[in-house]
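Top line first, the protein sequences correspond to chains X and Y.
Counting in the working numbering, the final residue of the first sequence is number 137, and the numbers go up one at a time with none missing.
Counting in the working numbering, the final residue of the second sequence is number 137, and the numbers go up one at a time with none missing.
Any given hint could turn out to be false.
The list treats identical chains as one, so a pair stands whether inside a single copy or across any two.
Claimed, not checked - In silico DSS-like links for lysine-lysine, alpha-carbon gap of 30 Å or less:
#, residue 1, residue 2
1, K14, K53
2, K25, K68
3, K68, K14
4, K98, K14
5, K68, K53
6, K119, K98
7, K53, K21
8, K68, K21
9, K119, K14
10, K25, K53
11, K119, K53
12, K98, K21
These are calculated hints, taken from the structure and not from any lab test.
2 protein chains.
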Amino acid sequence: MSANKDWINDVKFDDKGLVTAVAVDQGDGALLMLAHMNREALEKTLETGRMTYWSRSRKSLWVKGETSGNTQRVVSAHLDCDGDALMFKVVQEGAGAACHEGYRSCFFRKLEAGEWAVQGTPLVNPKS
Amino acid sequence: MSANKDWINDVKFDDKGLVTAVAVDQGDGALLMLAHMNREALEKTLETGRMTYWSRSRKSLWVKGETSGNTQRVVSAHLDCDGDALMFKVVQEGAGAACHEGYRSCFFRKLEAGEWAVQGTPLVNPKS
């Protein structure tokens, strides 16, 4: 988005070199997912315009949707007051499923009567 | 919200005993803030219906808005697929400012031409 990278100095990475990144839908603002980025993932996200996270489990860069096709195109990047969390407005591409379980949003479970009740149905079969 | 606390076993607290918690506006789904909760903060949030976080800087429970009046009333709680992030739909009370800098949302800076540009104006003067 810019060759000037001074902006990255305002981002506070934690003791593991990570910052929390939230993706919201550009259309209606719905919270799609929450993950993490290291400095390289953040730079790559803005250079390529595709959401790129750091997978804490796989310990590697993770271009969202690279295998599933459910990529996320970056529309804009926003930093919070403390500088330790980023919000990205994105266009959720592919089948529109941000969640690896096939749901539009990863936050598809709602607490109801002491249990996490699944809301809605998957847009895609995650096993397909 | 419930005497049954089995639900909390599905929440994965990290190696510091924390889980990421995001508050979104019940009305339009706008992302208001991102903070953290330990187990006690999460339990207190659901018992009292007021968003209660763990302040990592002050190392203490933090009832959001306790001093400013900008409390957050819990409408519903949602867990993500990995169990390590929570989303809460809330009614932002008081002056409607979730951010301690007086803005509605903590994510009031947007990356524009390599700089974090402030979007909008504060709803309240944080120094008042």
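Checked hints:
Taking the shortest alpha-carbon separations for K14 and K53, only the intra-copy value of 12 Å comes in at or below 30 Å, while the best inter-copy value is 41 Å. For the homomeric pair K25 and K68, the shortest alpha-carbon distances inside one copy (12 Å) and between copies (19 Å) are both at most 30 Å. Taking identical chains as interchangeable, the C-alpha atoms of K68 and K14 lie at most 30 Å apart only when both belong to the same chain, with a minimum of 25 Å there against 33 Å between chains. For the homomeric pair K98 and K14, the shortest alpha-carbon distance inside one copy (20 Å) is at most 30 Å, but the shortest distance between copies (35 Å) is not.
With identical chains, the CA atoms of K68 and K53 are at most 30 Å apart within one copy only, with a shortest distance of 16 Å there and 34 Å across copies. With identical chains, the CA atoms of K119 and K98 are at most 30 Å apart both within one copy (23 Å) and between copies (10 Å). Taking CA atoms no more than 30 Å apart as the test, K53 paired with K21 passes in both settings, with 17 Å inside one copy and 29 Å between copies. Taking the shortest Cα distances, K68 and K21 sit within 30 Å of each other both inside one copy (20 Å) and across copies (19 Å).
For the identical chains of this complex, K119 and K14 are inter-copy neighbours only, at 14 Å across copies versus 39 Å inside a copy, given an alpha-carbon limit of 30 Å. Both within a single protomer and between protomers do K25 and K53 lie at most 30 Å apart by alpha-carbon distance, with minima of 18 Å and 29 Å respectively. With identical chains, the CA atoms of K119 and K53 are at most 30 Å apart between copies only, with a shortest distance of 18 Å across copies and 33 Å within one. Both within a single protomer and between protomers do K98 and K21 lie at most 30 Å apart by alpha-carbon distance, with minima of 20 Å and 26 Å respectively.
Checked against the numbered hints above, the structure violates none of them.
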